[in-house]
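A.B. asks: Here my numbering runs 1015 ahead of the position in the sequence shown, where the first position is 1.
Bear in mind the hints are in silico, worked out from the structure with no lab data behind them. Please read these numbers as outputs of a predicted model, since none were measured by experiment. Each residue gets a CB set at the ideal place from its N, CA and C atoms; glycine is no exception. Be aware that a few hints might be false.
To be verified - Below, simulated EDC-like cross-link-like pairs (lysine to aspartate or glutamate); rule was C-alpha separation at most 20 Å, straight line: (1) Lys1126 x Asp1145; (2) Lys1126 x Asp1102; (3) Lys1126 x Asp1039; (4) Lys1126 x Glu1096; (5) Lys1126 x Glu1054; (6) Lys1126 x Asp1031; (7) Lys1126 x Glu1150.
Stated by the list, open to error - Simulated restraints on C-beta separations: (8) Asn1130 x Asp1039: 46 to 52 Å; (9) Asp1031 x Gln1142: 39 to 45 Å; (10) Asn1140 x Ser1040: 16 to 22 Å; (11) Asp1031 x Pro1114: 42 to 48 Å.
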Amino acid sequence: MSSTETQDTGHPLHSDLGTTTIQDSVVTAIIGMAADEVEGVVPSHGGVRLPGDTSPTVGEFVDNLTGGGSRTRGLSVDVGERQAAADITVNVAYGRSIPQVAQAVRDQVIKRVQNLTGLEVTEVNIQVNDVILPE
């Protein structure tokens, strides 16, 4: 094996050339963004995501300008070497099926975390904190 080849260790974060460590804050940010992508989730910083709407809410725009972290409020993660688990608190738009929104959040979080980090997501617990009327 040449010095530029890596041995397949069965996990993208570990190779014979070293280990990649992903901080909890990175996984937390990914989870927050993934949850906000789901239709029916009301971001903690205000605004309702409507079907097909990809424009930022006012709160997202302000967070982007100021570097604010309100997107990660209500999130708790446990990140190991190869796995991650999450507890998420969300608000759901009135009129949306809470079980369907919760499952969509769970699916989106698992997909994004696994695709972007290579970590296996073992658990996504969701607490619905509030039902919000559209503005």
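A.B. asks: Now tell me if each hint is right for this structure.
C.D. replies: Now for the hints, and whether the structure bears them out:
Restraint check for Lys1126 and Asp1145: the C-alpha separation of about 25 Å exceeds 20 Å, so the hint is violated. A C-alpha spacing of about 16 Å is found between Lys1126 and Asp1102, which places the hinted pair at or below 20 Å, so the restraint holds. A C-alpha spacing of about 17 Å is found between Lys1126 and Asp1039, which places the hinted pair at or below 20 Å, so the restraint holds. A hinted pair counts as satisfied when its Cα atoms are at most 20 Å apart, and Lys1126 with Glu1096 qualifies at roughly 18 Å.
In summary, the hint linking Lys1126 to Glu1054 is supported, as the alpha carbons are separated by about 16 Å, within the 20 Å threshold. Restraint check for Lys1126 and Asp1031: the C-alpha separation of about 27 Å exceeds 20 Å, so the hint is violated. In summary, the hint linking Lys1126 to Glu1150 is not supported, as the alpha carbons are separated by about 30 Å, beyond the 20 Å threshold. In this structure, Asn1130 and Asp1039 break the distance hint of 46 to 52 Å, their C-beta atoms being roughly 18 Å apart.
Between Asp1031 and Gln1142 the Cβ separation comes to about 41 Å, which falls inside the hinted range of 39 to 45 Å. For Asn1140 and Ser1040, the hinted distance range of 16 to 22 Å is satisfied, since their beta carbons lie about 19 Å from each other. Restraint check, Asp1031 to Pro1114: a C-beta distance of roughly 45 Å satisfies the suggested window 42 to 48 Å.
Violation of the numbered hints given earlier is confined to hints 1, 6, 7 and 8; the remaining hints are satisfied by the structure.
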